[in-house]
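Could you put the whole structure together from the sequences, leaning on the hints where they help?
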Amino acid sequence: MVVKNRKATGGPVGAGSNVSSSGRIPQGLEGLYQSIEPHLEAIMPYLRAAVPIIESGVKKANGVYTKYIQPNWHDGLGDFCFAILLLFFGGQFALTILAWGAFQQAGGGMIKRAWKELNSEYVESMRKLQEDPEAKAMFDRNDDGEVSIGEVATAVSSVIGAKTPEEKQKARRMVGATMRCVDPNRLLDATTGFWAGIVAVIAALRSQLAACVSIGASIGQKGAEYAKVYLERPLYEKFPDYKEWVDAGLRAGCSLIGIMVSLFMARIVTAFNCAVKGAQRLAEMTVKAVHKAGYLPQVRDKGSKVQTLAMALTALGLWYQFSTGFSCPTLMKIALFPLLISENILTLIAAL
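Residue numbers (the numbering used here): 13 to 364.
Misleading hints may appear alongside valid ones.
Claimed, not checked - Simulated crosslink set (BS3-like; lysine-lysine; CA at most 25 Å straight-line): (1) LYS128 x LYS72; (2) LYS250 x LYS240; (3) LYS289 x LYS300; (4) LYS317 x LYS304; (5) LYS124 x LYS71.
Claimed, not checked - Label-pair distances were calculated between CB atoms; the ranges are: (6) VAL76 x GLN233: 48 to 56 Å; (7) PRO350 x SER219: 19 to 27 Å; (8) VAL70 x SER219: 31 to 39 Å; (9) ASN131 x PRO50: 32 to 40 Å; (10) THR204 x PRO350: 22 to 30 Å; (11) GLU256 x LYS124: 53 to 61 Å; (12) TRP331 x GLU136: 50 to 58 Å; (13) LYS317 x GLY75: 38 to 46 Å; (14) TYR80 x TYR332: 26 to 34 Å; (15) GLY69 x SER219: 34 to 42 Å; (16) GLU178 x SER132: 33 to 41 Å; (17) ARG139 x LEU308: 49 to 57 Å; (18) ALA264 x LEU89: 43 to 51 Å; (19) SER132 x LYS317: 45 to 53 Å.
These are computed hints drawn from the structure, not numbers from a lab.
For every residue, glycine included, the Cβ atom is placed at its ideal position computed from N, Cα and C.
Listed below in structure tokens is the structure:
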């Protein structure tokens, strides 16, 4: 049976829209875009304002690194800083150090290769963009003859807010110019490798947290059995109508305490492990520096005296970490702010 003269009841014809009792449900990419377009338009002013600020900040940071850090940086200084971090702040950055270890063992190679591919693709895409006259004319807003990443981000962001036919036509031209300068296969390979490495790091964090929760819950259940001997009778007398809740509360409370104790003990173990590794590195580096200066030639790099120095440094590092409650001084927090942000993010990821 053929139905003629049937009127559309929701949205333009061919937009892939259906009608239900609850209203129009967008279908396909066009419907999805229509549903998120108001939210994108709401945040676009903030993104446009943030792009030049981020670009300026990156340029300043790169200038500081090039002028002050890069000329004085070498592998020995990096090893020294890492040893100090392990020795005195290992407990503060337990998850960050764990993630770095997982990165080195499982996902490091994949992420490094993916980052190299992404960086290579970015350089190649920007080179093609500079050589494409049409793309250069569209993206070079300040007419300085060079297309910056900030100009590309600002131009692409304007695609979302296109409303008039002229703006939409320009948006399609921008998308086409961008697609001509990007190799999707290299981008896909790099993204896949990067994601695989990130998943390996997240898996290591989750396994660490899962082990702590499992051990803590087991300890808590045993603690609840002991607590019932002393607390069950007085609690039953005080809450005679809620005996089931008393039992559940004892179990939940003891499990929570056990998990917290397990997490704290894991931090202590991490702090001790980091202090041992940091002290060993620092002791060996100190002896090598002394040898290089021409002193104590009879002391071997891994002899008993070096081990004694490492043990003394370990005790000093552990004392400092315990005395500060696994925290950093205010000035160190400013210097180690990126690591603090990383630790908080990793804590959130591990808890999700």
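**Item:** Hint numbers not upheld by this structure, sorted from lowest to highest
**Value:** none
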